[in-house]
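Peer 1: Read off the chains here:
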Amino acid sequence: MGMPSMSSSPPESLAPRDPHPVPLAHVAASAHTPSRAAWSRPFYVFPTMVKVGFAELVAYRSEVLIWVLTTTMPLIMYAVWSTIAHEAPIGRFDGAMFGAYFLSTLVVRQLASAWVVWELNYVIRTGQLSSLLLRPVHPLAYFAAMNLGALPFRLLILCPIVIGAFLALPEIHLELSWWRVLLFFETTILAWLLTFLIQSIFGMLALYTQQSLALQDAWFGVWSLLSGYLIPLELMPKVHDVAIWLPFRSMNALPTEIILGLLTGDALMQGLLVQVGWVVGVVIFVAFFWRRAIRRFEAFGN
Amino acid sequence: MRASFRIAAQMIRTSIQAQAQYRVDFLLQLSLGFFWTASSVAPLWLVFEIRSEIGGWSRPEAMLVMSAFLVLKALLDGIISPNLNALVEQVRLGTFDFVLLKPADPQLLVSASRVVVPKLADLMVGLGLSAWSISQIAPAPSALQIAAGGIMLLAGALGIYGVWVLIICTAFWFVKIDNLSFLFTSIFDAARWPISVFRGWVGLLLTFVLPIAVMTSFPAMAVLGRLSLARAAFAAATTTFLLVVSRRVWLWALRHYASASS
Chain W
1 MGMPSMSSSP
11 PESLAPRDPH
21 PVPLAHVAAS
31 AHTPSRAAWS
41 RPFYVFPTMV
51 KVGFAELVAY
61 RSEVLIWVLT
71 TTMPLIMYAV
81 WSTIAHEAPI
91 GRFDGAMFGA
101 YFLSTLVVRQ
111 LASAWVVWEL
121 NYVIRTGQLS
131 SLLLRPVHPL
141 AYFAAMNLGA
151 LPFRLLILCP
161 IVIGAFLALP
171 EIHLELSWWR
181 VLLFFETTIL
191 AWLLTFLIQS
201 IFGMLALYTQ
211 QSLALQDAWF
221 GVWSLLSGYL
231 IPLELMPKVH
241 DVAIWLPFRS
251 MNALPTEIIL
261 GLLTGDALMQ
271 GLLVQVGWVV
281 GVVIFVAFFW
291 RRAIRRFEAF
301 GN
Chain E
303 MRASFRIAAQ
313 MIRTSIQAQA
323 QYRVDFLLQL
333 SLGFFWTASS
343 VAPLWLVFEI
353 RSEIGGWSRP
363 EAMLVMSAFL
373 VLKALLDGII
383 SPNLNALVEQ
393 VRLGTFDFVL
403 LKPADPQLLV
413 SASRVVVPKL
423 ADLMVGLGLS
433 AWSISQIAPA
443 PSALQIAAGG
453 IMLLAGALGI
463 YGVWVLIICT
473 AFWFVKIDNL
483 SFLFTSIFDA
493 ARWPISVFRG
503 WVGLLLTFVL
513 PIAVMTSFPA
523 MAVLGRLSLA
533 RAAFAAATTT
543 FLLVVSRRVW
553 LWALRHYASA
563 SS
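Residue numbers (my numbering), protein chains in the order written: chain W, 1 to 302; chain E, 303 to 564.
In isolation and in its complexed conformation, chain E is listed as follows (with noise of 0.2 Å):
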């Protein structure tokens, strides 16, 4: 365990290095971040100027989805799809043949090769806009809340990963699957809009089926403190079913690959 810890942070070192040498690429990617981060939260705050509330949701509880939203789209980008898309890329030339050989977990090895350095600043400000959504809320929260708030967060970025992994072993067969993940990623924006705006089954959908509400409105609710237990347990429910099934589907799907030599 200790092993695989002290592998993965020496990966992500290296790949931060690499991509140290491009400064002003790096500069311009940075400010472009920031440009779609206001981007995607301009349409809540100026929704916000037409209602007080929506669905039973003032601006900074929404915002507050919003927070967790660019936290997980930060951690997306960031880390878990460049990752795992260089797997897809690997499974097409091949070269996964020398992943495999590598005397360490495969599914670590690629799961934890490389991060977007500038998609952290994305993720910083996120974080940014969580502190100030929960300083502007009426009662202010607990610190149980807000503690309850990260580990729903936390969970919710568990099953984001699940989820990928899920995607990408389909990739073991059918290669080329960049559409399927644009597909996730465009039912996912649909996560940055509190759930209770979503009526009727398009609701029941989001929060069973595709768990994207579990993903960012359940945070928030822990955070306002309306979380019921049983919400809870279904998100850890969830996010504990997303990660078994998908190191399953995984280790299954090894068993598939067809590599180059072969």
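Chain W on its own, in the form it takes in the complex (with noise of 0.2 Å):
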């Protein structure tokens, strides 16, 4: 995805007043100082951004239809745990169980992602970082701001999807209730924060190592054993019980397992809690490790 190029110059406050060249680095560093008027900027800012980041997703518009379509995944898992129920059910997942799961699963992973790793990889080694630092937001808040212009356009995508579904199975069946529907998207939401959250992680890794994309694969490894991605972690009980207390469900199989009705009392509360838990606890970690790591990057304009 391409930059927007650089016309504005930055505001007044936050030109060096010292004639002598400065770090960007430090400059970032006190951009981000929260003053008053830092702090209700991104407030008033941000759906201009996401505005922004929606007009760059329709310039794009069949790459991301491609990329929206590279999700094979959830559709490939589903023909797998078909055959496999044909032959009997496992446990209460039927055929029309794992087909709401992956139909679902589809829908939250579509929802739910970022790609803020690559754009952070690409900004930190093209220097592009620098000019984004000027701004006077948040460069995560920027990226953020993109990410959620997408998703009109991938919600449109989606109904064609989610409607072909219904219709190719129906069998499917959904017992909702108006707090399911509520839950579903907040656990949602939470998940697009968190999965977005540790994705810049990874993406800052890039100032310390030129593998920091390696290691997003990895992850994404891991991720896709214990979210719930490929295997519904009911169906694993050893690793289920591991999994529930990881940040990994928190990312994807929450909101599934909310709108089929596979949560109920305490095992409901414990997947929002620990959801919330992570997020708070990722948050934190971000804003600490941002501050540190940003020190390290030494491009001076583009």
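Any given hint might turn out to be false.
Chain E regions said to be covered by chain W (calculated; three or more residues, Cβ under 8 Å) [said to hold, decoys possible]:
#1 337-344
#2 514-525
Far from chain E by the CB rule (all over 10 Å, computed), these chain W residues [stated by the list, open to error]:
#3 Trp115
#4 Arg154
#5 Leu156
#6 Leu174
#7 Tyr208
#8 Leu230
#9 Asp241
#10 Leu268
Since the hints were derived computationally from the structure, they do not count as laboratory data. If you're wondering where the values come from, they're calculated on a predicted model, not measured in any experiment. Every residue, glycine too, gets a C-beta built ideally from N, C-alpha and C.
Using the supplied hints, reconstruct the complex from the two chains, each of which is provided in its own coordinate frame.
Peer 2: Take a look at the structure:
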């Protein structure tokens, strides 16, 4: 995804008063000290940035369409599991349940997806991060806005997939209640936030190592096993007991388990609390790590 | 022909030497590669904890399919795609002119100019898994069956190369095509499962239209002695077809290359 060119000059307050060149990292650090104006700024700038993100997406619409189509894993896993369930159901999972599970998994994966690790990698490698640092909003807020701008388009692509799945698998039956739908969206939003923040950590690792993308790939491997993306956690009892305390499930399977009615009572409470806990923990870690990591950034201009 | 082999061997040697300079990088990539391999094998392993047989395949038999997938994936990531993706960049920048100026077949030059060394470790892992699976299969496959499997796997590798050349040829018109290669890779992900797992039209689609089953399931079936002659002939025909057509399309696409200087 191309970066828009930097046309406007930074606002007065950010320009270094000292005529001597100041390393950008220091400018950035001072730019993000929480003065009152800097604090409230993201809130009125954010909607505009989301709009910019949406416009960029419309410009690259066919690319995004193909990106969505590359999410074939849930479909492959559905084929595998439905063949297994065809012989005999596993626990409470029969063919229809697998259909609903992987459909929901696909939807959550699309809605809670981020690509900030590649963007951060790119701007760090090319030095474009320095111009992002000069802006009066935090670079991560900028990337988050770009990410959210993609949502309407992704929803649009998901609609025919979901409708098609319900037509192809009429035996899918969901008992929906308003609080389940509400919790589905709430947990999906937090799943996105967690995905986005953890990816930013891997992106920031680009300031330390050339292999941050390879690390992200390895993380993705673990994620795909422990998040319920390939195998419902319930079907692996030993893994399940550990996995429900790790962050992976909060990033994918949790909303699915809620909307399918697989979680009730204490298990539901546990899932929600673990997700909130990880989000809070990761937010604190990112805030700390960003300040530390950004000092290593050495590009001057671009 | 011999000159072509010498050129390819020399280019690959240079590429390996260049990468050997970055040792820490190399070791890190190597270990992360093992990680990736483990995470692709794990789901298959876990599924067989629940059922001992899926679609008529036992665990070691399905592992044989997985090993064929790992071998082909390693070839794809280690040799085929880095080379051909580099071509896309050359077309974009116009530096493909320099390749055309060299006195050797351009398809050879763009197909064999680099190799990603750590991926070849994945290749070894794949072959190791093949050996393990074969040792676990109850009536031990005969040497002839194993040889047939090897030939089918080679055919699969050539088939993938053909598909990749076809994808890359579109770069001469559309330039930016990384998405297309991602799409193929994600469809190819289905090839890690035995073809009979895909029931109904999906199975037919993956055998006859997007013949990825031919590339990984057929070699395993050959080793198990389950591959009918008709299917073997179909695989051979598919591979030949892909190679011939991709060569044709390549030559045709070459004529549409608008170089940077023209």
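Peer 1: In ascending order, which of the hints set out earlier in this document are inconsistent with the structure?
Peer 2: Checked against the structure, the hints that fail are numbers 2 and 8, while the rest are satisfied.
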